[in-house]
Every structure is written in structure tokens, then in C-alpha cells.
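> Here are the chains, one letter per residue:
Number of protein chains: 4
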Amino acid sequence: MNSSTLKDIQNQNDKRGIEIQNVGVNGVEVPLLIERKNADSQVVSAKARLSVTLPHNYRGTHMSRFIEVLSDYSRRNLLGVDIKGLLYDVKNKLESECAHVKFEFKYFINKKAPISEMEFPVGYDCSFQGDLNGDDYKFILGVKVPITTLCPCSKEISKYSAHNQRTMVKVKVSYKENDIIWIEDLVEKVESCGSSQVYSILKRCDEKYVTEAAYENPKFVEDVLRDVICILNEDEKVTFYDVEVEAQESIHNHNAWAKQTQEK
Amino acid sequence: MNSSTLKDIQNQNDKRGIEIQNVGVNGVEVPLLIERKNADSQVVSAKARLSVTLPHNYRGTHMSRFIEVLSDYSRRNLLGVDIKGLLYDVKNKLESECAHVKFEFKYFINKKAPISEMEFPVGYDCSFQGDLNGDDYKFILGVKVPITTLCPCSKEISKYSAHNQRTMVKVKVSYKENDIIWIEDLVEKVESCGSSQVYSILKRCDEKYVTEAAYENPKFVEDVLRDVICILNEDEKVTFYDVEVEAQESIHNHNAWAKQTQEK
Amino acid sequence: MNSSTLKDIQNQNDKRGIEIQNVGVNGVEVPLLIERKNADSQVVSAKARLSVTLPHNYRGTHMSRFIEVLSDYSRRNLLGVDIKGLLYDVKNKLESECAHVKFEFKYFINKKAPISEMEFPVGYDCSFQGDLNGDDYKFILGVKVPITTLCPCSKEISKYSAHNQRTMVKVKVSYKENDIIWIEDLVEKVESCGSSQVYSILKRCDEKYVTEAAYENPKFVEDVLRDVICILNEDEKVTFYDVEVEAQESIHNHNAWAKQTQEK
Amino acid sequence: MNSSTLKDIQNQNDKRGIEIQNVGVNGVEVPLLIERKNADSQVVSAKARLSVTLPHNYRGTHMSRFIEVLSDYSRRNLLGVDIKGLLYDVKNKLESECAHVKFEFKYFINKKAPISEMEFPVGYDCSFQGDLNGDDYKFILGVKVPITTLCPCSKEISKYSAHNQRTMVKVKVSYKENDIIWIEDLVEKVESCGSSQVYSILKRCDEKYVTEAAYENPKFVEDVLRDVICILNEDEKVTFYDVEVEAQESIHNHNAWAKQTQEK
Numbered sequence: 448m449n450s451s452t453l454k455d456i457q458n459q460n461d462k463r464g465i466e467i468q469n470v471g472v473n474g475v476e477v478p479l480l481i482e483r484k485n486a487d488s489q490v491v492s493a494k495a496r497l498s499v500t501l502p503h504n505y506r507g508t509h510m511s512r513f514i515e516v517l518s519d520y521s522r523r524n525l526l527g528v529d530i531k532g533l534l535y536d537v538k539n540k541l542e543s544e545c546a547h548v549k550f551e552f553k554y555f556i557n558k559k560a561p562i563s564e565m566e567f568p569v570g571y572d573c574s575f576q577g578d579l580n581g582d583d584y585k586f587i588l589g590v591k592v593p594i595t596t597l598c599p600c601s602k603e604i605s606k607y608s609a610h611n612q613r614t615m616v617k618v619k620v621s622y623k624e625n626d627i628i629w630i631e632d633l634v635e636k637v638e639s640c641g642s643s644q645v646y647s648i649l650k651r652c653d654e655k656y657v658t659e660a661a662y663e664n665p666k667f668v669e670d671v672l673r674d675v676i677c678i679l680n681e682d683e684k685v686t687f688y689d690v691e692v693e694a695q696e697s698i699h700n701h702n703a704w705a706k707q708t709q710e711k
Numbered sequence: 448m449n450s451s452t453l454k455d456i457q458n459q460n461d462k463r464g465i466e467i468q469n470v471g472v473n474g475v476e477v478p479l480l481i482e483r484k485n486a487d488s489q490v491v492s493a494k495a496r497l498s499v500t501l502p503h504n505y506r507g508t509h510m511s512r513f514i515e516v517l518s519d520y521s522r523r524n525l526l527g528v529d530i531k532g533l534l535y536d537v538k539n540k541l542e543s544e545c546a547h548v549k550f551e552f553k554y555f556i557n558k559k560a561p562i563s564e565m566e567f568p569v570g571y572d573c574s575f576q577g578d579l580n581g582d583d584y585k586f587i588l589g590v591k592v593p594i595t596t597l598c599p600c601s602k603e604i605s606k607y608s609a610h611n612q613r614t615m616v617k618v619k620v621s622y623k624e625n626d627i628i629w630i631e632d633l634v635e636k637v638e639s640c641g642s643s644q645v646y647s648i649l650k651r652c653d654e655k656y657v658t659e660a661a662y663e664n665p666k667f668v669e670d671v672l673r674d675v676i677c678i679l680n681e682d683e684k685v686t687f688y689d690v691e692v693e694a695q696e697s698i699h700n701h702n703a704w705a706k707q708t709q710e711k
Numbered sequence: 448m449n450s451s452t453l454k455d456i457q458n459q460n461d462k463r464g465i466e467i468q469n470v471g472v473n474g475v476e477v478p479l480l481i482e483r484k485n486a487d488s489q490v491v492s493a494k495a496r497l498s499v500t501l502p503h504n505y506r507g508t509h510m511s512r513f514i515e516v517l518s519d520y521s522r523r524n525l526l527g528v529d530i531k532g533l534l535y536d537v538k539n540k541l542e543s544e545c546a547h548v549k550f551e552f553k554y555f556i557n558k559k560a561p562i563s564e565m566e567f568p569v570g571y572d573c574s575f576q577g578d579l580n581g582d583d584y585k586f587i588l589g590v591k592v593p594i595t596t597l598c599p600c601s602k603e604i605s606k607y608s609a610h611n612q613r614t615m616v617k618v619k620v621s622y623k624e625n626d627i628i629w630i631e632d633l634v635e636k637v638e639s640c641g642s643s644q645v646y647s648i649l650k651r652c653d654e655k656y657v658t659e660a661a662y663e664n665p666k667f668v669e670d671v672l673r674d675v676i677c678i679l680n681e682d683e684k685v686t687f688y689d690v691e692v693e694a695q696e697s698i699h700n701h702n703a704w705a706k707q708t709q710e711k
Numbered sequence: 448m449n450s451s452t453l454k455d456i457q458n459q460n461d462k463r464g465i466e467i468q469n470v471g472v473n474g475v476e477v478p479l480l481i482e483r484k485n486a487d488s489q490v491v492s493a494k495a496r497l498s499v500t501l502p503h504n505y506r507g508t509h510m511s512r513f514i515e516v517l518s519d520y521s522r523r524n525l526l527g528v529d530i531k532g533l534l535y536d537v538k539n540k541l542e543s544e545c546a547h548v549k550f551e552f553k554y555f556i557n558k559k560a561p562i563s564e565m566e567f568p569v570g571y572d573c574s575f576q577g578d579l580n581g582d583d584y585k586f587i588l589g590v591k592v593p594i595t596t597l598c599p600c601s602k603e604i605s606k607y608s609a610h611n612q613r614t615m616v617k618v619k620v621s622y623k624e625n626d627i628i629w630i631e632d633l634v635e636k637v638e639s640c641g642s643s644q645v646y647s648i649l650k651r652c653d654e655k656y657v658t659e660a661a662y663e664n665p666k667f668v669e670d671v672l673r674d675v676i677c678i679l680n681e682d683e684k685v686t687f688y689d690v691e692v693e694a695q696e697s698i699h700n701h702n703a704w705a706k707q708t709q710e711k
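Protein chains in written order, with my numbering: chain F, 448 to 711; chain B, 448 to 711; chain Z, 448 to 711; chain U, 448 to 711.
Hint data in this document are derived by calculation from the structure and do not stem from the laboratory.
Think of the CB as a built atom: it goes at the ideal place given N, C-alpha and C, for glycine as much as any other residue.
Misleading hints may appear alongside valid ones.
What the hints assert, rightly or not - Beyond 12 angstroms from chain F on every Cβ pair, some chain U residues (computed):
id, residue
1, His503
2, Asn524
3, Cys677
Unchecked claim - Simulated pairs of lysine-lysine, BS3-like, Cα-Cα distance not exceeding 27 angstroms:
id, chain 1, residue 1, chain 2, residue 2
4, Z, Lys623, B, Lys484
5, F, Lys454, B, Lys606
6, Z, Lys484, Z, Lys623
7, U, Lys558, F, Lys553
8, U, Lys619, F, Lys553
9, B, Lys462, F, Lys619
10, F, Lys617, B, Lys484
The task is simple: from the sequences and hints, build the whole structure.
Structural data, given as C-alpha cells:
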């Protein structure tokens, strides 16, 4: 017996009169091929969410079709506008007006220690998010970047030293369809906004360098947020941003936090 | 030496010209006293986020003042409009235009098994969210309710049985300042929308009941979403809702998912 | 129809010849009443795991009976030896040779800032673990304590300052049945082993104090581990310990980590 | 200035007289190349923990050296005994008696739906754990496998249907150095022990098949645990196992749980 001879309950007529904004699958694990700047691609392990709108007169969507489209695209090289093709395929296959996708994955970029220049990859949590409403397409690139922040207040008021901590900066940006913003470039811009950068490997000469650099460049979460915003405001490619800075305060068991969202 | 003789770096003039939308503290752990329906209060263990807007000409906010306000309110009985007082205190103490707060906590409600009537509490993840923009106040109550869903498609096409699973329904609602929606009532409404309810304790007679009840009442995530929406549409107190249904499919390692947001 | 007239599948004879070491329930949410030092009790929101051994000739255990016992004890004042009564009840009700329980919960202790003496609770992740093998009873108390560590190497090699970070110390201890170790005392001992303590509220005068204190008292994770061990070695009540120190390095995106387990 | 001219605080003499069992780095993110059965390799995104013993007379270990060794091995093809070389390198480079490593990663295996034979990868959480004590080497392979369990009690006592749910089976095995157990084979064995297997893609004909298969093959967590144990007992290569079964009960908000550990 094949599937076509089995009754399709999802296609039943629904009487509640409610169009559903989002219905689909969440938490689908899938290997993805991500395009790298100036290089070949990187295979990442992604979590995917795909959804569509469902007209008021249908009882359910067809969940397996999302996986069928995903299967096609998991072997293709993805960044930015390639998500658009996937969304059109979802929209067509599910016969819906709108389609949405989000991929979340760890992306590795090699990083050299500042003095010894020893190299080791840093893993960044990244995301691709795409929305297709009719033919109106929007893509959002997300990165989460660890930096060091050293507290300006603590430095000012203390005889010596200052509390400092690992701080996470989450940035989401949108850009026009003909443009491209590389993960590598966005990460580098964000890393320039901390008191110091963080690294996977640091020899003693490097540790001296980052310790002193952080002390010479104290920053509140407010400072980091504003510095990232200034960079994104100046970047003509950026049409939208959302920036969130969270410092894992070394003197508290809670975090300092700041957030800004802007359509340009 | 006390704090007032130490330089206030946060009050420095900022030249970047950027007003910050949200800055404050996140992940603050605090015991809260929550008002219960028809009963005394319940002490819960909450995670708090408090933030304010920061004018463009100030370099930083004063993080410790959030904790000072929180300290006052952690001993008061909180639900709905009581959050408003807290936000005014934050706004005044931080000299800002807007203030925001979110509390997340586990709230226990006793629940009787359907046949044996044995009783044990179920813990529900709940949240209180408040926003004060000038004098414009909005409160959002959130609950996360586990239910059982049994797949209508699986029931229809199979000789016997049907796959079923634990499904999480997250509901956020807003209501007018003079109204009140109790956690207990919102949870009860959501629980009525599953194929069956879930319980902490079930004897064999109860297990028979819930197994058969679920089979007699199959539901897609789309069905649950629409049934919850119907109830919220009919409730005149509700002015806004956000509903998210996620079924931890027993036949997949990913979830079926649906979501709807509506200002009424 | 009540449960006793329904067939008991669990009691079927099992032919595989395998005695099961642990079978029961996990992730049960339950409010608990915890005895406090020099004070009344505190209601906490716990996650519980209860299990027993199952003889080779029985197919299954009776899951609902764990909840029945838990129901009794959720209203009693619990610490140390009170867990023993619960385990005997589980063992008897489930007709098994051994019984195990673990409760994990957030416990609040008021803490004063070092100079301003402003007070706010800190929430500590704690656990009670009990094992009853025949009549052999063992109780393990667990606490997770945030502290600050400041790197001695970074201080030594840098012109000024030193990297520092939030560090989590997890300690588990066993003690004899007639003794008691209070959560409050164990937390206080661990907090004395950091470069500085962490606090929920710090005014500027306090921030100056903790910044300078940390710089004057640099510690590797190895130092913290050894200092905690020294204290536990000296404490005659302690019969077993497991100590784990993890520093959320402010200059890396990974952690420094050390761990020691010892029967005394 | 290079690192060798900077003082080495870690090499300071320690007077506390405590040999440390484990000290190193935790949560290091690193891409790994994993050997696949009958195929080329797979790049995975791993979290690593590396540690050594530290003699009582040394104050600290040298954290950056762990990353240096990891850097070498992140480009090699790893499974089982290849971990041994890494541990010897860690032991030698850190001049310690014992070395330990744990890698945790998501590993993808293609899986065909039972009737339609449509194919999509399933991502399994896997781990490699290695311990080198002097020259005594032990390797542990870990897999976490989702399956479906359908409750035998619910089936027996109900007029129709039975509650079923996603169940996670965690298995760790050790085997002799000259043997090899492939992830693919271990996963397949575990998947055979559920009421049904889970899949990423299922068309209606497949959904009918798995629904009916699960009903015809009801299993408690005790049954799954014993069936996995039987298979591991029969496998002569296996010298140690640890098995944990956790069913995300569709009728409760907590889980049924069973666990067994055995040296053979």
C-alpha cells in the first residue's frame, strides 16, 4: 500500500475560520554546507525550523514535505540569497502564501593569537533566517561573538585592576538581496568592539597582551552596544539590525545586559 | 569611604549620540510571592530581567539600583497590575523614560487524577512581563502547559492505535489594567484543548481513562492552536495573545510546531 | 472500574534473568520544604529522581507509587537524615532491596555587600542525594557556589590588571548520620576559597572593595580546588567529597576546569 | 617579548601537599574528522574536555598546551584507538602521569523510511572518552539514540490505543584495543530494541507502518533496558557498558527512567 491510497486527513475542510500564521517542523537536525569567504565551504551541523501559513479552510499542513525540500538543500552551498530558493520550494510544495526558515549552527573561523600567532579555530553560533511573504523576501544573518569587557567604573574607583568577564554579543543583520555580508566580516567587526578579543589559544606573551589591552580599553555593555551600532549605522549594506550584549559579570551571579533593534 | 565620594563614570557625557532602548540586568535570581486564585500566596524562585532606556548623553546606567527596587518588591504579592508599581519605581530611580521587566518562574497547581482523584501538584513555567513607556503600561502573562496530542492522521490510516506525545503549549496574553486573568484559569483553558491532559500521578484506572480519551479526541498541533485561539478570541478580557504549540513527536526526533500572534 | 480490577502487567514474570539496578521516575517537579540553619524553613521548587532495584523475575516497577511517597514527603521539613525515611518508604512500597533519590533545587541565602552592607539573596543550586542499599544509608549534600577567580599568571606577567571571571565551584559531601552539615555553612566555606566572593548587590564602595580584594588574592582553579580540599580534609564530619571548579575564562570561550573525588 | 622570558607561575612549588586528579580545559569547541563505517570520514563539531593529573608539588598546569595537542589531532581521522595517541601526547607535553579526554558531538547517519524508503540523515549525540593511567588505556564510545516506546500496561487495560512517546537510550561501551565497534552498528542495535524506531522523514504509508509496529511491540523502559543489555552481554567485544533509558511519557510531565552499569 502506498501513501496515495491512504486518506489525507490534513486536507479536510476546517470550519473554525482561522488562518494559521506559522505551522511546520522545529528542531530538525541536518548537515549544511556553508559558503566561506575567500575559501571553499564548511560542513556544519544545523538545527532547522521551517514553517508556512495555512489557509483557514485546511485542517493541517503536510509535515513530511518540509523534510523533502530540506533534503534537496542540505547538499547545496548556502548563504544569503540561496535561502530564497529554498523558501520558494517550500511555498510551492506546501501550496502556501508565506514560508519561513531558520537554521542555527556552529561555524568555525581560524583565529591567530595576537603575539605568538598560534592558530586555532573559534566556534561561533550563527543563524540564517529567511522570510518569504508572497514575493517579498527578507534574509537575516545572525552571529554570537564572545569578547572580553573590562568595567570602566571598577577601573576608575579601584587602586589597581578592574573586574572583567566574558561577554556575549549577539548581532542580527539584514541586507539587500544583491549584497552579501560574510559571517567572517561581521564577526571581525563585532570583535573590534570589546575591551579585548577572546582566543582559543594564548601563550604567556599573548596573555600579557590581552590583559593589558583590556585594561587600556575599559567598556560597559552600553559602550559595546553603541560601538557595534555605530559600525552598523555606517555600513550602507545593512538595512536592519538587532544587537544584544550580555556581560557575565565576574563579581555577580547575574549579567549586565543591553539590547537595540533598528530598521534603517 | 562610601560610594558617594567615588567618581560616577556612568554619569559621564556620551558623544556617540545613541539613545539605548534597553539596558539593565538579566538572570537575577529572586524569590517572589505570587498571588493565587482563591487562596493565599505561593513563594516561587524567579529569574528576573529589568531594563530601562538610557538617554543618548549618558554613558551608562546604574545597575545596582535595579536590585534595590527588586529587593522591595520581592516581598510583595505580585500579579498583573502590581508589576506597574515596580516599573514606576525603576523608571524613577533610574531617571529614565521607559522601564521593562520580565520574571520567569515555576508555579505549582494541585491537580487531581481523573478517576482515582489522587492529587499531586503540576509545575508550570510561567512569566510576568511588564512594559512602561512614559505612562503607557502593558502587562503580559505567560504560561507553558503540557498536554497530550494524538495524531488524527495516524489514527485514520492505521489498523489500530495512533502515535501520541507530550506537547507543550506556550500562551502569552495581555489584558486591561482593571481586569485580571488568573494563572489557574489560563492553564485550565489550555489543558481543555489537548487530546488529553497530563498529570503527575495516574493509577491504572486513570491511565485507562486518559489513553481512551486521547484516542477519542485526536488533534494536530494546528487543531490545538486553533482551539486555544477560539477560546482567547471569545474572552473579552484578552487584548493580545501569542500562542505556540510544539509536539514532541513520538515517531520523529524533531517536533511539529505552530504559532500565532494577535492584537485584538 | 477501579485500578485493582485491571490487569497488572508490571507483575508479569520476566524470563531475561536480569536484575535492574535503577528504575523509577525522573524530572518530577515538586515543591519541598527545606530546613534552614538558625531559622524556619524555605519552600523550594525541586526536580526529583526516585528509583529502586527491580528483581530479575518482575517485568516492571509501579511508577505511580514513587509519586505517592513523594506526595507525603513534599510537605515535610527535609535535610540529611529525613531523606532516609523517604527511602525506606519507597523501598517498602515498591518491595525492593535498594532505593535512591535525588532532589535538585535553588536555595536562597541572604548575603550582605562587604562595605555598604546592603542585603539581597543569592540563589544557590543545591542537591540532596540519598542511597539505601538494604539498611546501608548514604546521604550526599551538594552545593554550587559562584565565586570570582583572578589569574595569578596574568597578574604576574602584565604591567597592570589581570584577567578575572565568574567561577563555579560544585561541592558534594557525605557525613555521618548523626552529624549535620548545613547548606549555609558549606556555602560560606566555599566562598572563602575564591579570589573574591560574588554578590547580588554591590554599590560603588563595595565594587572597589571586591576588585581590590580579588587582585590581592589571585587564584588558579587548582588553588581553589586545593583550598576547598584542605577545608574538607580538616572537617571531621566529612566522610566523602567531590569537588569541581570551573572558571569561565574571560579571555577564552572555554573554561579552566579541575576535579577531585575522595573517600576519607 | 616572547613567552619564555615571562615568569612561569604555574611551575611554582606548592606546599599544600595535594595531588590533583583532574585539571585541564572544558568546553573547547573544535571541528573533528570522524571515521565512518564503510565510507569516508565525517566532519563534526565537537565539545572537548582534556585533563591531566597534577603532582602535589606543582602549583598549576599549562592550559595552552592542551589546545596545542588538540590542534594536531583535530585534522586527523579519529575513532577508538586513535584517541590513545592523543592521550600520550597530552601526557608527555604536560609531563603528567594520567591524561583524560572527552569529545561530544552530533554524528549523522542516513536512514531510510521503512516503506517509502525515502532517506534523510538522523543526528545522534555521540561521545568518545579516553583515559590513560600510566600505560593503562581505556576507551569508551557513547551514543544517544531516540526510539519510540508504547506502554504495555496502557495497551492491556485500555479498550483501544496505548500511550506512546519519544524515548532516549544512552549507551556507553568499552571494548578491547584491537577491536572496533562502529557508531553505526551500535546505533542499529539500540534502535532494534524500541517498540518502533524513529525517522526524520515518514510518508503516510510509513506512518501507518510505525504506528502499527509500535502497537504490536509494547515496551516498558525496563524492557528496552533489558533488551539492550542482552545484546551487549552477547557481544564478546564489549568489556563494559552503561545503559540509560528515559521515556518522555506522553501522559505525564516527567519521565520513566532506568539505568544499568556493568563491567563484564
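> Does each hint fit the structure? Answer for all of them.
Do the hints match the structure? See the list:
Under the 12 angstroms C-beta cut-off, the non-interface status given to His503 (chain U) relative to chain F holds; the minimum distance is some 24 angstroms. Against chain F, the non-interface label of Asn524 (chain U) holds: every CB pair exceeds 12 angstroms, the least being about 15 angstroms. At the 12 angstroms boundary, the C-beta of Cys677 (chain U) stays outside the reach of chain F, the nearest C-beta of that chain being 29 angstroms off. Simply put, Lys623 (chain Z) and Lys484 (chain B) have alpha-carbon atoms about 44 angstroms apart, too far for the 27 angstroms limit, and the pair is violated.
Under the criterion of a C-alpha separation no larger than 27 angstroms, the hint pairing Lys454 (chain F) with Lys606 (chain B) is consistent with the structure, at around 13 angstroms. Taking the CA atoms of Lys484 (chain Z) and Lys623 (chain Z), the gap is near 18 angstroms; set against the 27 angstroms cutoff, the hint holds. About 24 angstroms separates the Cα atoms of Lys558 (chain U) and Lys553 (chain F), which keeps this hinted pair within 27 angstroms; it holds. Distance check on the hinted pair: Lys619 (chain U) and Lys553 (chain F) sit about 26 angstroms apart at the alpha-carbon level, within 27 angstroms; holds.
Between the alpha carbons of Lys462 (chain B) and Lys619 (chain F) the distance comes to roughly 25 angstroms, so the proposed pair stays at or under 27 angstroms and holds. At roughly 39 angstroms between alpha-carbon atoms, Lys617 (chain F) and Lys484 (chain B) are farther apart than 27 angstroms, so this suggested pair is violated.
In terms of the numbered hints stated before, the structure departs from hints 4, 10, listed from lowest to highest.
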